[in-house]
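*Asks:* Using the sequences and the accompanying hints, generate a full structural model.
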Amino acid sequence: DIQMTQSPSTLSASVGDRVTITCRASQSISSWLAWFQQKPGKAPKLLIYKASILESGVPSRFSGSGSGTEFTLTISSLQPDDFATYYCQQYNSYWTFGQGTKVEIK
Amino acid sequence: EVQLVESGGGLVQPGESLRLSCAASGFTVNSKYMSWVRQAPGKGLEWVSVIYSGGDTYYAASVKGRFTISRDNPKNTLYLQMDTLRPEDTAVYYCATLTDGNYFGYWGQGTLITVSS
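Chains V and S, in that order, are what the protein sequence lines are. Position one of the first sequence corresponds to residue 1 (our numbering), numbered consecutively onward. Position one of the second sequence corresponds to residue 1001 (our numbering), numbered consecutively onward.
Watch out, some of these pointers could steer you wrong.
Just a few of them, taken from the derived set where beta-carbon distance is under 7 Å, the chain S residues facing chain V [to be verified]: (1) 1047; (2) 1102; (3) 1103; (4) 1107; (5) 1110.
Label-pair distances were calculated between CB atoms; the ranges are [as the list claims (entries may be wrong)]: (6) 1064/S to 77/V: 42 to 48 Å; (7) 70/V to 1102/S: 18 to 24 Å; (8) 70/V to 1100/S: 22 to 28 Å; (9) 53/V to 1084/S: 37 to 43 Å; (10) 1005/S to 16/V: 33 to 39 Å.
Some, not all, of what chain S presents toward chain V, calculated at C-beta under 7 Å [stated by the list, open to error]: (11) 1044; (12) 1045; (13) 1094.
It is worth saying that the hints were derived from the structure and are not from the lab. As the structure is a prediction and not an experimental result, all values here were calculated from the model. Ideal Cβ positions, reconstructed from N, Cα and C, are used throughout, including at glycine.
*Replies:* Below you can see the structure in the form of structure tokens.
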């Protein structure tokens, strides 16, 4: 099974900050990676797929990069609506999520 | 507009069974890969099961042999039959579509299953 590890688990930041979340796969997954945002009591929302392709309607301050085993999600200028938990998810072999990164207000 | 609406959640005792439903609109369930994903309280997301458009089904090791995914094409509904439930199955269960069979595109609002005596 492919394991996904995110870091950090929690991130404290202020509005306007540049934020980077890292996701590492236990084996190469090429670019078969998606990122999701989840707010309390809500379903996850797709942000990025194939490591770097922005889903339609998602603000351009979100970007993704990486391939193989190391990936990043970057929020260029954190907005109040961005405080949430973020998950990476591989789809190279079945489907596995990272444990999540909570972005909280500093 | 794609919409997924889950139902069937509730409180059950260990060892009991429950069937979840996911009513779809805006597309036909047999045209897409459809999946169930769960989230235990305060925890992360876990893929549970998938049914391909061709009908093949696959399960996570944690539920294999106890859960069965199926669909009813005329009703345009996805199901998850859950047998021999355990306390560790307690979670919000989401149905979701798999875009191009790859990543989870559309999600329902989720339904909570609590397994407790």
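*Asks:* Range first: 37 to 43 Å. Now tell me if the beta carbons of residue 53/V and residue 1084/S are that far apart.
*Replies:* holds (40 Å)
*Asks:* Can you tell me whether the CB distance of residue 70/V to residue 1102/S sits inside 18 to 24 Å?
*Replies:* holds (20 Å)
*Asks:* Does residue 1047/S meet its interface restraint, that is, does its C-beta lie within less than 7 Å of any C-beta in chain V?
*Replies:* Status holds, d = 4 Å.
*Asks:* Can you verify the interface hint for residue 1102/S: is its Cβ closer than 7 Å to any Cβ in chain V?
*Replies:* With Cβ-Cβ at 5 Å, under 7 Å, it holds.
*Asks:* Indicate whether the distance between the beta carbons of residue 70/V and residue 1100/S respects the range 22 to 28 Å.
*Replies:* The hinted range 22 to 28 Å holds for residue 70/V and residue 1100/S, with Cβ atoms some 24 Å apart.
*Asks:* So, as I understand it, the hint says residue 1045/S touches chain V; can you test that by seeing if any CB pair is closer than 7 Å?
*Replies:* holds (4 Å)
*Asks:* Minimum Cβ distance from residue 1044/S to chain V below 7 Å?
*Replies:* holds (5 Å)
*Asks:* Using the nearest Cβ pair, does residue 1103/S come within less than 7 Å of chain V?
*Replies:* holds (4 Å)
*Asks:* Take the C-beta atom of residue 1064/S and the C-beta atom of residue 77/V, compute their distance, and say whether it sits inside 42 to 48 Å.
*Replies:* holds (44 Å)
*Asks:* Verify the interface restraint on residue 1110/S: the C-beta must sit less than 7 Å from at least one C-beta of chain V.
*Replies:* Given a least distance of 6 Å, the restraint on residue 1110/S holds.
*Asks:* Identify whether the interface hint at residue 1094/S stands, where standing means a beta carbon of chain V within less than 7 Å of its own.
*Replies:* holds (6 Å)
*Asks:* Next item in the hint list is residue 1107/S. Is there a CB on chain V closer than 7 Å to its CB?
*Replies:* holds (4 Å)
Hint compliance for this structure: no hint is broken.
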